[in-house]
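Given the coordinates of chain A, work out where chain B should sit on it, guided by the hints.
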Amino acid sequence: QSALTQPASVSGSPGQSIAISCTGTSSDVGGYNYVSWYQQHPGEAPKFIIYDVSSRPSGVSDRFSGSKSGNTATLTISGLQAEDEADYYCSSYTSRSALYVFGTGTKVTVL
Amino acid sequence: EVQLVESGGGWVQPGGSLRLSCEASGFNFRIYWMRWVRQAPGKGLESVATIHKDGSEKYYVDSVKGRFTISRDNAWNSLYLEMDSLRAEDTAMYYCARDQGWGCSATSCSTTRSDNWGQGTLVTVSS
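Going line by line, the protein sequences match chains A and B.
Letter by letter, the first sequence follows residues 199 to 309 in the working numbering.
Letter by letter, the second sequence follows residues -14 to 112 in the working numbering.
Keep in mind the hints are simulated off the structure, nothing from the lab.
From a predicted model like this one, the values you see are computed outputs, not experimental measurements.
Certain hints may be false.
[As the list claims (entries may be wrong)] Facing chain B, from chain A, some residues (calculated, C-beta under 10 Å):
id	residue
1	Gln238
2	Phe262
3	Gly268
4	Thr292
5	Ser293
6	Arg294
7	Gly303
[Claimed, not checked] When the alpha-carbon atoms are kept at most 30 Å apart in a straight line, the in silico DSSO-like pairs for lysine-lysine are as follows:
id	chain 1	residue 1	chain 2	residue 2
8	A	Lys245	B	Lys38
9	B	Lys50	B	Lys28
10	B	Lys38	B	Lys50
11	A	Lys266	B	Lys28
12	A	Lys245	B	Lys43
13	A	Lys305	B	Lys38
14	A	Lys266	A	Lys305
15	A	Lys305	A	Lys245
16	B	Lys43	B	Lys28
17	A	Lys245	B	Lys50
18	A	Lys266	A	Lys245
19	B	Lys28	A	Lys245
[Said to hold, decoys possible] Across the chosen pairs, the derived CB separations fall in these ranges:
id	chain 1	residue 1	chain 2	residue 2	range
20	A	Ala280	B	Gly27	19 to 27 Å
21	B	Ser90	A	Ser252	48 to 56 Å
22	A	Ala280	B	Lys50	23 to 31 Å
Heads up, the beta-carbon is just placed ideally off N, CA and C, and yes, glycines get one too.
The shape of chain A in the complex, shown without the other chains (with noise of 0.2 Å):
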């Protein structure tokens, strides 16, 4: 079960918008729509953000928003804050495994 692929760190300044990646294959990001991404904290337990590409659920800010091109799916932070420095993960169904893959995580720093 490979793990989908994340660049390592991400950053921007206070106000600004940042676009994490997360590049799989057709047998999993570019085959479905069933993208989630989870924050989380250092210390803490990850967090549920996004899910179906662009979905949020309830009590989650609207600064987060997901989606998806090709083998490829984003999520964009808009509006940075201090509290969105974390760690960010995504993971998407695979038709290669009944237990859906992660990526390698993204870790976001606020200037």
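Just chain B now, kept in the frame of chain A:
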């Protein structure tokens, strides 16, 4: 409020065994698939195992097949992970998670995301 509380982690020597538990509350446990996810120190997330609502289907990541067993007791709203023949590379924080969504390929279907997570229990395998 959905709550998932893991327990059972600790230190164990290579080759040893541990049994993790996850107590669920605040939702109808018996209608959800459940999952164990682990995170090695400083590393990313990895799905370890998932189990059907009634326990009839179980799936594992290749690295734990034959060594780990996922199970559940719907009468007690509890999820378990029996871990045998533990290795140093099993050292990780283990999270219990509730699964949601349903995706299908031409040959199979499975859950697509985890919407609630516990705080985790740490397993350390070392001599």
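Structure-inconsistent hints, enumerated in ascending order | Of the numbered hints given earlier, those the structure breaks are 2, 3, 13, 21, 22, listed in rising order.
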